[in-house]
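Visitor: Residues per chain, in single letters:
Protein chains: 2
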Amino acid sequence: MRQVAVIGAGMTRFGKHLERSLKDLAREAIEAALGSAGVDKAKLEAATVGNAVAGLITGQECIRGQVVLRACGIGGIPVINTENACASSSTAFHLAWLYVASGMYDLVLALGMEKLFHPDKQRTFQAIGSGVDVERAEEFARQMSGEQSVGAGELRSIFMDYYAYLARQHMARYGTTREQFARIAAKNHTNGSLNPHAQYQTPRTVAEVLASPLIAAPLTRMMCSPIGDGAAAVVVTTAERARQYTTKPVFVRASVLGSSEDHSPDAPDVIAKVAQRAYAMAGLGPHELHVLEVHDATAPAELLAYEALGLCAAGEGGKLIDDGLTTLAGRIPVNPSGGLLAKGHPVGATGVAQIAEIFWQLRGEAGRRQVPHARVGLTENGGGVIRGENAAVAVHIFTV
Amino acid sequence: MRQVAVIGAGMTRFGKHLERSLKDLAREAIEAALGSAGVDKAKLEAATVGNAVAGLITGQECIRGQVVLRACGIGGIPVINTENACASSSTAFHLAWLYVASGMYDLVLALGMEKLFHPDKQRTFQAIGSGVDVERAEEFARQMSGEQSVGAGELRSIFMDYYAYLARQHMARYGTTREQFARIAAKNHTNGSLNPHAQYQTPRTVAEVLASPLIAAPLTRMMCSPIGDGAAAVVVTTAERARQYTTKPVFVRASVLGSSEDHSPDAPDVIAKVAQRAYAMAGLGPHELHVLEVHDATAPAELLAYEALGLCAAGEGGKLIDDGLTTLAGRIPVNPSGGLLAKGHPVGATGVAQIAEIFWQLRGEAGRRQVPHARVGLTENGGGVIRGENAAVAVHIFTV
Numbered sequence: 037m038r039q040v041a042v043i044g045a046g047m048t049r050f051g052k053h054l055e056r057s058l059k060d061l062a063r064e065a066i067e068a069a070l071g072s073a074g075v076d077k078a079k080l081e082a083a084t085v086g087n088a089v090a091g092l093i094t095g096q097e098c099i100r101g102q103v104v105l106r107a108c109g110i111g112g113i114p115v116i117n118t119e120n121a122c123a124s125s126s127t128a129f130h131l132a133w134l135y136v137a138s139g140m141y142d143l144v145l146a147l148g149m150e151k152l153f154h155p156d157k158q159r160t161f162q163a164i165g166s167g168v169d170v171e172r173a174e175e176f177a178r179q180m181s182g183e184q185s186v187g188a189g190e191l192r193s194i195f196m197d198y199y200a201y202l203a204r205q206h207m208a209r210y211g212t213t214r215e216q217f218a219r220i221a222a223k224n225h226t227n228g229s230l231n232p233h234a235q236y237q238t239p240r241t242v243a244e245v246l247a248s249p250l251i252a253a254p255l256t257r258m259m260c261s262p263i264g265d266g267a268a269a270v271v272v273t274t275a276e277r278a279r280q281y282t283t284k285p286v287f288v289r290a291s292v293l294g295s296s297e298d299h300s301p302d303a304p305d306v307i308a309k310v311a312q313r314a315y316a317m318a319g320l321g322p323h324e325l326h327v328l329e330v331h332d333a334t335a336p337a338e339l340l341a342y343e344a345l346g347l348c349a350a351g352e353g354g355k356l357i358d359d360g361l362t363t364l365a366g367r368i369p370v371n372p373s374g375g376l377l378a379k380g381h382p383v384g385a386t387g388v389a390q391i392a393e394i395f396w397q398l399r400g401e402a403g404r405r406q407v408p409h410a411r412v413g414l415t416e417n418g419g420g421v422i423r424g425e426n427a428a429v430a431v432h433i434f435t436v
Numbered sequence: 037m038r039q040v041a042v043i044g045a046g047m048t049r050f051g052k053h054l055e056r057s058l059k060d061l062a063r064e065a066i067e068a069a070l071g072s073a074g075v076d077k078a079k080l081e082a083a084t085v086g087n088a089v090a091g092l093i094t095g096q097e098c099i100r101g102q103v104v105l106r107a108c109g110i111g112g113i114p115v116i117n118t119e120n121a122c123a124s125s126s127t128a129f130h131l132a133w134l135y136v137a138s139g140m141y142d143l144v145l146a147l148g149m150e151k152l153f154h155p156d157k158q159r160t161f162q163a164i165g166s167g168v169d170v171e172r173a174e175e176f177a178r179q180m181s182g183e184q185s186v187g188a189g190e191l192r193s194i195f196m197d198y199y200a201y202l203a204r205q206h207m208a209r210y211g212t213t214r215e216q217f218a219r220i221a222a223k224n225h226t227n228g229s230l231n232p233h234a235q236y237q238t239p240r241t242v243a244e245v246l247a248s249p250l251i252a253a254p255l256t257r258m259m260c261s262p263i264g265d266g267a268a269a270v271v272v273t274t275a276e277r278a279r280q281y282t283t284k285p286v287f288v289r290a291s292v293l294g295s296s297e298d299h300s301p302d303a304p305d306v307i308a309k310v311a312q313r314a315y316a317m318a319g320l321g322p323h324e325l326h327v328l329e330v331h332d333a334t335a336p337a338e339l340l341a342y343e344a345l346g347l348c349a350a351g352e353g354g355k356l357i358d359d360g361l362t363t364l365a366g367r368i369p370v371n372p373s374g375g376l377l378a379k380g381h382p383v384g385a386t387g388v389a390q391i392a393e394i395f396w397q398l399r400g401e402a403g404r405r406q407v408p409h410a411r412v413g414l415t416e417n418g419g420g421v422i423r424g425e426n427a428a429v430a431v432h433i434f435t436v
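Protein sequences appear in the order of chains A and B. For the first sequence, position 272 matches number 308 in my numbering, and the numbering has no gaps at all. For the second sequence, position 132 matches number 168 in my numbering, and the numbering has no gaps at all.
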């Protein structure tokens, strides 16, 4: 398979864009990505488009990508519409990579886009709830929410109950504390304050995170990613052609997708298994990474990712954040963008936005949130839940 | 890129399956495909899943594939959920082909599935209507429906108005007649009577087709594909590995996807352009084909496909059917399965079902509808409409 490079990236600021359509958000991201790559839209040979819930929010299913691409003057090319819940657009990126790696096409756009805000808030949460088996959603909700999880009583995503359940399990097994989760959230909000694309740009302290309203014990609101709208796009080509466009291509060293399966409680989880395949494909290990964007849909999810990705041993995620190793100034910064917690989480846009951040980090273009000397980066993006684990996980590894 | 082969196929009967879930339909198709391939489900390395409108019919978006695959005991592997309106599962097949052709995986399942029937018929038509730009659906409907198209006043898909509009244009330009459209419909219903998987299995005469209720002039009901539920699946592997499983692999010689774009009225349409690319990829032309499955969402769509695919010159589609060349006994049989008109059209299942039919035809396993000595086959599957043309078109060419 051919080596693939990312040559351009763009995204909207994530946030509440009630007045903006998917077309409008996508156009901004696409134009920024093409502009940064120096690629004319007429040269694109294919496009892959990730979106999770437009069918339920706007009524647009079937041809979501074509509808926004034609509005941007892009037509005639193969368009792959794909969804994988919160991992929709890392799946789109995987397919863009596959098109180029296979030799089928040389210049491909990967787009992620989502509108979650809707005047009827109930509809937003119903749409997000389609990331589980909807026929078994009530059973799942009952399993996840114990006595302890009774929160502020407000509308919330079923995923918050899921992550609260995982957090309580980790606390019981390893003595992990809510302060450690809060430390992750404070780090990400503080990183987000340095990112002009972030939905939340206010630095937060551990005390502020702990004092924010309880959503589902032990999660407070600041430990949970917000509802958001947005779009992100990147352009990929062959390593060879990349030199025509830029002196700073970012190479895709691994692109691996996986899904959950039944296994014994002590076997590696889906994130760990996908990460192992990605490390093998890239020919490097977790201790060679300089920067990561991981799927912190909640603060505990980031802590669990530390362990699943091999940044530390099982049960030592709390120590990793206590020691400050994953802060911007630490040995292995995680979520310099602010992550899902602060940058925001318009679900179908998140995967490509993570990749855009690593692109900027590895090119030294991340401004005030730049990780010094970052040359190797990883993204981990999870989507949906079946029987207690992510239904989809995508791990990508990049180098310059 | 590696040569890819189809080694197994299975499908449900298409029809009204109100009491059966997507999981149940998918299981039947998957088990049949794996059984016919002699492949254990535990050996699958990836799955690609096409579905168009489950988000709007059942509320299941995001992880449609994982939900049904886990219910069949298939997990752990990459799952690509893709939609492209009526071309959703030929897009899924294209991605399964790409996974194998690229060298990424060796044994991949492609699944198409759809439930269109819903107790609230309005909901079915709304879901199908998401195959156009929903923000401009009313404008589109006004453009398509002239005075002439006032039909039986019943609920109908916006696509019937679209195809009626195309039919009227063709009649005005080339003198094509409604009898010619009726002849195509009668042919396909008669073919369907020989296919145990077909939704409609009653042979029809031209007179019967013309006498059925008017839907949108010149289309009568029997010239329109019905609402249906169903699933279809195929298994693909490398040409080399195929020999381990079967003495009769069916090779994928071309897999091309495209989308509409703005162009002058006299330029080739999207179907013609995608077909040209497919013929070039396969290294053969339309006159070397022995059998085709084309996207006869309505009878005029099949006639237009004759011309776009190069079976005859522009304007000569009517003559082709008048001469009987595309009947089962003709020189170049089209839609031996009964096509969308008689086999049925559960939109997300249609693309893989077309491929399953060509698989059976090229292996000589098509029973009473077998095309003698068929060794080269083509599928054409269109999906959605933007600005007057299919938003997605997939063309595949197969040989034994």
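Honestly, the hints are just simulated from the structure, not real lab data. Do not take every clue at face value.
Any copy, or any two copies together, can satisfy a pair, since identical chains are not distinguished.
[Claimed, not checked] Below 20 Å or equal to it, Euclidean Cα-Cα: the simulated EDC-like pairs (lysine to aspartate or glutamate) are:
(1) Lys-157 x Asp-358
(2) Lys-77 x Asp-298
(3) Lys-77 x Glu-67
(4) Lys-284 x Glu-175
(5) Lys-77 x Asp-60
(6) Lys-157 x Asp-76
(7) Lys-59 x Glu-171
(8) Lys-355 x Glu-175
(9) Lys-355 x Asp-76
(10) Lys-77 x Glu-55
(11) Lys-59 x Glu-244
(12) Lys-284 x Asp-76
Quick caveat: nothing in here was measured; it's all calculated off a predicted structure.
Visitor: None of the hints should be skipped; say for each whether it holds.
Guide: So, going through the hints one by one against the coordinates:
1. Within a single copy, Lys-157 and Asp-358 get their C-alpha atoms no closer than 36 Å, and across copies no closer than 57 Å, so neither meets the 20 Å cut-off.
2. Taking the closest pair of Cα atoms, Lys-77 and Asp-298 come within 20 Å of each other only across two copies (14 Å); inside a single copy the shortest separation is 44 Å, beyond that limit.
3. With identical chains, the CA atoms of Lys-77 and Glu-67 are at most 20 Å apart within one copy only, with a shortest distance of 9 Å there and 43 Å across copies.
4. Taking CA atoms no more than 20 Å apart as the test, Lys-284 paired with Glu-175 passes in neither setting, with 50 Å inside one copy and 46 Å between copies.
5. In this homomeric assembly, Lys-77 and Asp-60 come within 20 Å of each other (Cα to Cα) only inside a single copy, at 16 Å, whereas the closest approach across copies is 43 Å.
6. Neither within a single protomer nor between protomers do Lys-157 and Asp-76 lie at most 20 Å apart by alpha-carbon distance, with minima of 39 Å and 45 Å respectively.
7. In this assembly of identical chains, the alpha carbons of Lys-59 and Glu-171 lie at most 20 Å apart only when taken from different copies (10 Å versus 32 Å within one copy).
8. In this homomeric assembly, Lys-355 and Glu-175 never come within 20 Å of each other (Cα to Cα): the closest approach is 34 Å inside a single copy and 60 Å across copies.
9. With identical chains, the CA atoms of Lys-355 and Asp-76 are never at most 20 Å apart, being 48 Å at best within one copy and 44 Å at best between copies.
10. For a Cα distance limit of 20 Å, the shortest separation of Lys-77 from Glu-55 qualifies neither inside one copy, at 26 Å, nor across copies, at 47 Å.
11. Proximity of Lys-59 to Glu-244 under the C-alpha cut-off of 20 Å is found in neither arrangement, the shortest distances being 37 Å within a copy and 46 Å between copies.
12. In the homo-oligomer, the alpha carbons of Lys-284 and Asp-76 lie at most 20 Å apart inside one protomer (18 Å), although the nearest pairing across protomers, at 45 Å, exceeds that limit.
The structure fails to meet hints 1, 4, 6, 8, 9, 10 and 11 from the earlier list, while all remaining hints are met.
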